[in-house]
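Starting from the known structure of chain F, arrange chain G on it as the hints suggest.
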Amino acid sequence: MSIFKNILGGLAVGFRYKRLAVYIFLIQLFLALLIGVLTYNYIQGPIGHSTNLFNVMKGYDHDLFQDLLRFEGTGWRMIKSFLVTACLVYLLLGPFIIGGTLRVWEANDDQWIIFWDGGTEYFTRLIKLNLINLFVIGIAAGLIGFAGGIWTVWGLENLLSEVPVLIGIATLVILFISFLIFLIALSLHAKHAIVNLHSSLNNFKQLRVSFKSIRPHFIKLLTIGFLWLLLSLTLFYVLNFLINWIPEPSLLLVFIAFCLQLMVLYLRVCFRNGFYWSILDKT
Amino acid sequence: MTKVHSQRVANYSMEVILDNETKCLDATTRMVWINHSPDTVFNMHFYMYQNAFKNTESTFMISSEGDVFGDDVSVRPLDDWGWIEIISAKRGSIELVDGAKYIQPDDGNINDETVFQIPLDEPLLGGDTLILDLVWSEKIPKIFARSGYERADFYNMVHWFPQAGVWEEKQDGNWGWNCHQFHRRTEFFADFGVYDLKLTLPEELVIGSSGCILSEKSNGNGTKTMEMHAEDVIDFAWCAYPHFEVVEDQWQHVYIRLMIPPEHRHLSDRLIRTVKHSLEYMSANVGSYPYTSITVLDPPLLGLKAGFMEYPTYITGGSFALFPKGIRTLESLIAHEFAHQYFMAIVASNEKEEPWLDEGFVTYHEDKIMESMYGKVGSLFNIEGYKVSNSSFSRHEYMSLENPSCGAIARTGWEINEGFKGITYSKTATMLKTMEGMMGEANFIQLMRRYYDQWKFKHPKGPNFTKLVKEYLAGTENPNAIGDPDKFFEQIVYGTAVLDYSVSSINFYKKLIGRGVYGSLDNKERREGNMQDGMVSKVTIHRKGGVILPVEILFRFEDGNEKRLMWSGEERSKVFTFTDQTPIVTVDIDPERKLYLDINLNNNSLTYEATRAPALKIASKMMYWVQNIIQSVGILI
Chain F
1 MSIFKNILGG LAVGFRYKRL AVYIFLIQLF LALLIGVLTY NYIQGPIGHS
51 TNLFNVMKGY DHDLFQDLLR FEGTGWRMIK SFLVTACLVY LLLGPFIIGG
101 TLRVWEANDD QWIIFWDGGT EYFTRLIKLN LINLFVIGIA AGLIGFAGGI
151 WTVWGLENLL SEVPVLIGIA TLVILFISFL IFLIALSLHA KHAIVNLHSS
201 LNNFKQLRVS FKSIRPHFIK LLTIGFLWLL LSLTLFYVLN FLINWIPEPS
251 LLLVFIAFCL QLMVLYLRVC FRNGFYWSIL DKT
Chain G
1001 MTKVHSQRVA NYSMEVILDN ETKCLDATTR MVWINHSPDT VFNMHFYMYQ
1051 NAFKNTESTF MISSEGDVFG DDVSVRPLDD WGWIEIISAK RGSIELVDGA
1101 KYIQPDDGNI NDETVFQIPL DEPLLGGDTL ILDLVWSEKI PKIFARSGYE
1151 RADFYNMVHW FPQAGVWEEK QDGNWGWNCH QFHRRTEFFA DFGVYDLKLT
1201 LPEELVIGSS GCILSEKSNG NGTKTMEMHA EDVIDFAWCA YPHFEVVEDQ
1251 WQHVYIRLMI PPEHRHLSDR LIRTVKHSLE YMSANVGSYP YTSITVLDPP
1301 LLGLKAGFME YPTYITGGSF ALFPKGIRTL ESLIAHEFAH QYFMAIVASN
1351 EKEEPWLDEG FVTYHEDKIM ESMYGKVGSL FNIEGYKVSN SSFSRHEYMS
1401 LENPSCGAIA RTGWEINEGF KGITYSKTAT MLKTMEGMMG EANFIQLMRR
1451 YYDQWKFKHP KGPNFTKLVK EYLAGTENPN AIGDPDKFFE QIVYGTAVLD
1501 YSVSSINFYK KLIGRGVYGS LDNKERREGN MQDGMVSKVT IHRKGGVILP
1551 VEILFRFEDG NEKRLMWSGE ERSKVFTFTD QTPIVTVDID PERKLYLDIN
1601 LNNNSLTYEA TRAPALKIAS KMMYWVQNII QSVGILI
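Those protein sequence lines, which keep their order, are chains F and G.
With the numbering used here, letter number 60 in the first sequence gets 60, and the count goes up by one each step, no holes.
With the numbering used here, letter number 636 in the second sequence gets 1636, and the count goes up by one each step, no holes.
Bound-form chain F, shown alone:
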């Protein structure tokens, strides 16, 4: 029951701090907009005058995109590299966003200045903490990937059926997600101590303290994490289905679908905030 309340609390917090969600949403939107503009120019430049382009209004047209990639491949490569850059920039902005989020919750006020203060005050420390996080995630991914590879090769060479191999891989994926949830909780706890409690411990000591603090809640954290994952995926698939279902044969319907997409993304930000709050509340 407490888990249920916790998730409801998370949802309430996620939706209560509307301006906080807007800040995060706009940062993401800005990065996506750059790629959107690039994409628009990439399409409009070479084939904006082609009637073939109208086929897109009915849905995905494989011929159109393959011909475009074949003859205008350079522009597409630029978009892909920009996408990687956007992800890296967002990762770099991560400490600012999470710092701001934690401070807003602490102050119970989602004004921009509070968000800014929280994001900038311990920005460098949080970046270091994130680097540790990413390093650990990388190591874990490598180990899990290696184990998965060994299991797959062994299984395919020695077992009659691939089903145990698939089960093994699914188990490893679940293990990895569990590890990620725990790591997110650990990192969040440490960041909360730094941003809101102004902890003077260095990052490693702080992580150790946080680890001791959240360890007793391991099972509950995993349960909350998986429930949020389930909730987010359900939301995503339902709304994505809705977006795909909308026909977009005219500019007006394209605009309506675009607005719906923005709404979905805003909801996802609210869910993200709710998830973080739930995790933090439980620790």
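None of these hints come from the bench; they were simulated from the model.
Certain hints may be false.
[Claimed, not checked] Under the rule of at most 30 Å between Cα atoms (straight-line distance), these lysine-lysine pairs were calculated in the DSS-like manner:
no.: 1; chain 1: G; residue 1: K1487; chain 2: G; residue 2: K1456
no.: 2; chain 1: G; residue 1: K1325; chain 2: F; residue 2: K80
no.: 3; chain 1: G; residue 1: K1563; chain 2: G; residue 2: K1511
no.: 4; chain 1: G; residue 1: K1511; chain 2: G; residue 2: K1461
no.: 5; chain 1: G; residue 1: K1023; chain 2: G; residue 2: K1217
no.: 6; chain 1: F; residue 1: K58; chain 2: G; residue 2: K1456
no.: 7; chain 1: G; residue 1: K1023; chain 2: G; residue 2: K1198
no.: 8; chain 1: F; residue 1: K58; chain 2: G; residue 2: K1090
no.: 9; chain 1: G; residue 1: K1563; chain 2: G; residue 2: K1458
no.: 10; chain 1: G; residue 1: K1461; chain 2: G; residue 2: K1487
no.: 11; chain 1: F; residue 1: K80; chain 2: G; residue 2: K1170
no.: 12; chain 1: G; residue 1: K1487; chain 2: G; residue 2: K1511
no.: 13; chain 1: G; residue 1: K1511; chain 2: G; residue 2: K1538
no.: 14; chain 1: F; residue 1: K58; chain 2: G; residue 2: K1563
no.: 15; chain 1: F; residue 1: K128; chain 2: F; residue 2: K18
no.: 16; chain 1: F; residue 1: K5; chain 2: F; residue 2: K80
no.: 17; chain 1: G; residue 1: K1544; chain 2: G; residue 2: K1470
no.: 18; chain 1: G; residue 1: K1376; chain 2: F; residue 2: K58
[Stated by the list, open to error] Derived coverage of chain F by chain G (criterion: at least 3 residues anywhere in the stretch with Cβ under 8 Å from a Cβ of chain G; other residues may be distant):
no.: 19; stretch: 20-32
no.: 20; stretch: 37-46
no.: 21; stretch: 131-140
no.: 22; stretch: 173-181
no.: 23; stretch: 254-260
no.: 24; stretch: 268-277
[Said to hold, decoys possible] Just so you have them, the derived chain F footprint on chain G, three or more residues with Cβ under 8 Å:
no.: 25; stretch: 1074-1086
no.: 26; stretch: 1576-1585
no.: 27; stretch: 1599-1606
For clarity, every value in this text was computed on a predicted model and none was experimentally measured.
All C-beta atoms, glycine included, are put in the ideal place defined by N, C-alpha and C.
Then chain G, alone, in the frame of chain F:
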């Protein structure tokens, strides 16, 4: 089957014992071979294709460059190689094997032992029948190119017995053997006949095979003997595995037998449904299926290297547990291999010399089967709104080649170094779709039916098909539907050029008449002219590729009027000029997209005013996914 469909030139009665421990076969064959030619035969040529897997010096291995479908032969244990040997070949009581030898008609590689020549004691005159008794043994390899065994006693036995080559009339009018060595990419060319196989093997093995299983008898010693029979086929294959589940079904006169491992059982409905639909489509649009059975092998993952292949009345697929529904490569593969029953097994062109006549024709029909089953949009992939049709994928495989001009469609199989799939399969399929577009679907189906009727149970060659097209078109309302058929095939089948038409520009200006100074020196008259008389529009079309095909061009005017013109495509550049009340706003070359071979469809049309909605739609979708990706990545920190 009671009806005799073919000449039944080469007929085999085989008794085979499988030693499951040593993975060896001990066998005898009585071959009854009829010389249907007017010429005399002095020796027999046999395919001994298991010898391709004997060592690294075979032509097959050399052309594989050390890698056979992902299998690194340098680390293959010696016990995993295979070979076949004829111990005795008797005509009556006369032993012929002493004078026999391996020959290498294609490349002179003396280490290649995939073609065996047995001299006859007495020449075989035209119309005579040869009865030859062979004793042979074989070491089955661990699977190489679909043939062999895998652990857990999985067998797929293909190219597994000594089989006669084809005695055929050559271009110069003389007769001779067509019996090529085993090359990496070519497999089939044999005469039709009747096959009887008596196979003794361990009792626990479950068998699937070409033709039908007549009987199964336990020998009381842990083995059983099975009798199998096939008629009017060019080859015979079988598989065995102790864990097979057998799913049986029926479509009209055809018994369907699916050999499937338990872990794939949940896919059996998808496979059976595809076989039934393929039977339905091919029977309705090409010709009736003459056999009474079709066996489908869905190999366990450990035997996947046996998959993706076709043999008469026996096909092999490829799947894994939980194969996603929206990815229909599973069904597409079955449709492809089934279509080979028509183009390879029945219309038995020479796959070694002219692979396009079977792989290309089959890919075209695979696309048609799938699109008739799942619709023209999304027949191959249908994932989260992203739909790809089979014919679009085939075209993509061709036009996305690094060099779509890397070779002609009509090439000898073993000489193809580049673009085998993209050209032989996909360009041919796209060419046939282009022909369909130009001729009309109904006409094209009639053409295919006629090709099938005329060449079933025979060995057609490329020129037989092109001649048939010419003859067929001559009898239709539009004999020039594909332009000059000779020129069509010369450019597209025998040439390497690409087809690419494009609209370069639309320009227009107001037509002005009657303005200026008129009259003589003494009697000048000044006129203002009339600027409302109309617009002059100029459209420039380019032929960027080397292929010339007649094409229709649609010109749309601002007031909604349309004009359609045919252009021969002869010139590299052509300017069309129109005078009308309103200017041209849109030009569309080949508006119905009949010329699917065009390697860039995006430049086939031009609108004077750019349209923005589609690009905005794509950009907004892109933004949506980018933002989703950013959010997902961001959750980690």
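Hint-by-hint comparison with the structure:
Annotation: proposed proximity of K1487 of chain G to K1456 of chain G holds, straight-line Cα distance about 27 Å (limit 30 Å). As the CA atoms of K1325 of chain G and K80 of chain F are separated by approximately 29 Å, the hinted pair is consistent with the 30 Å bound. A C-alpha spacing of about 19 Å is found between K1563 of chain G and K1511 of chain G, which places the hinted pair at or below 30 Å, so the restraint holds. Restraint check for K1511 of chain G and K1461 of chain G: not satisfied, since their Cα atoms lie roughly 58 Å apart, outside the 30 Å limit.
Only pairs whose Cα atoms come within 30 Å are accepted, and K1023 of chain G paired with K1217 of chain G is accepted, the gap being roughly 22 Å. Of the pairs offered as hints, the one joining K58 of chain F and K1456 of chain G is violated, with about 42 Å between alpha carbons and a cut-off of 30 Å exceeded. Distance restraint check for K1023 of chain G and K1198 of chain G: the Cα-Cα separation of roughly 17 Å lies within the 30 Å cut-off, and the hinted pair is therefore satisfied. Note on K58 of chain F and K1090 of chain G: the hinted pairing is violated, with a Cα-Cα distance of about 69 Å set against a maximum of 30 Å.
Restraint check for K1563 of chain G and K1458 of chain G: not satisfied, since their Cα atoms lie roughly 47 Å apart, outside the 30 Å limit. Straight-line distance between C-alpha atoms of K1461 of chain G and K1487 of chain G comes to about 18 Å, which keeps the hinted pair within the 30 Å bound. The hinted pair formed by K80 of chain F and K1170 of chain G fails the criterion: a straight-line CA distance of about 56 Å is larger than 30 Å. Our distance criterion of 30 Å between C-alpha atoms is broken by K1487 of chain G and K1511 of chain G, whose separation comes to about 41 Å.
Restraint check: the Cα-Cα separation between K1511 of chain G and K1538 of chain G comes to about 12 Å, which is no more than 30 Å; the hinted pair holds. Pair hint K58 of chain F plus K1563 of chain G holds up; C-alpha atoms about 26 Å apart against a cutoff of 30 Å. Straight-line distance between C-alpha atoms of K128 of chain F and K18 of chain F comes to about 29 Å, which keeps the hinted pair within the 30 Å bound. Between K5 of chain F and K80 of chain F the alpha-carbon distance is near 42 Å, which puts this suggested pair outside the 30 Å criterion.
Distance hint between K1544 of chain G and K1470 of chain G is fulfilled; the C-alpha atoms sit about 27 Å from each other, no more than 30 Å. With a C-alpha separation of about 13 Å, the suggested pairing of K1376 of chain G with K58 of chain F holds against the 30 Å cut-off. Given a C-beta distance limit of less than 8 Å, the hint that chain G covers the stretch 20-32 of chain F holds, as 4 residues qualify and 3 suffice. As drawn, the stretch 37-46 of chain F meets chain G at 6 residues by the rule of a beta-carbon pair under 8 Å; at three or more, the given contact holds.
Given a C-beta distance limit of less than 8 Å, the hint that chain G covers the stretch 131-140 of chain F holds, as 3 residues qualify and 3 suffice. For the stretch 173-181 of chain F, the stated coverage by chain G is violated: 1 residues have a C-beta nearer than 8 Å to a C-beta of that chain, whereas at least 3 were required. Proximity of the stretch 254-260 of chain F to chain G, defined as three or more residues with a beta carbon under 8 Å from a beta carbon of that chain, is established by the 3 residues found. For the stretch 268-277 of chain F, the assignment as covered by chain G holds, since 4 residues bring a beta-carbon within under 8 Å of that chain's beta-carbons and 3 suffice.
Counting residues of the stretch 1074-1086 of chain G whose CB falls under 8 Å from any CB of chain F gives 0; the rule of at least 3 is not met. With a threshold of 8 Å between beta carbons, the proposed coverage of the stretch 1576-1585 of chain G by chain F is violated, since 0 of its residues qualify and at least three are required. Counting residues of the stretch 1599-1606 of chain G whose CB lies closer than 8 Å to any CB of chain F gives 8, which reaches the minimum of 3, so the coverage claim holds.
Hint compliance for this structure: hints 4, 6, 8, 9, 11, 12, 16, 22, 25 and 26 are broken, all remaining hints hold.
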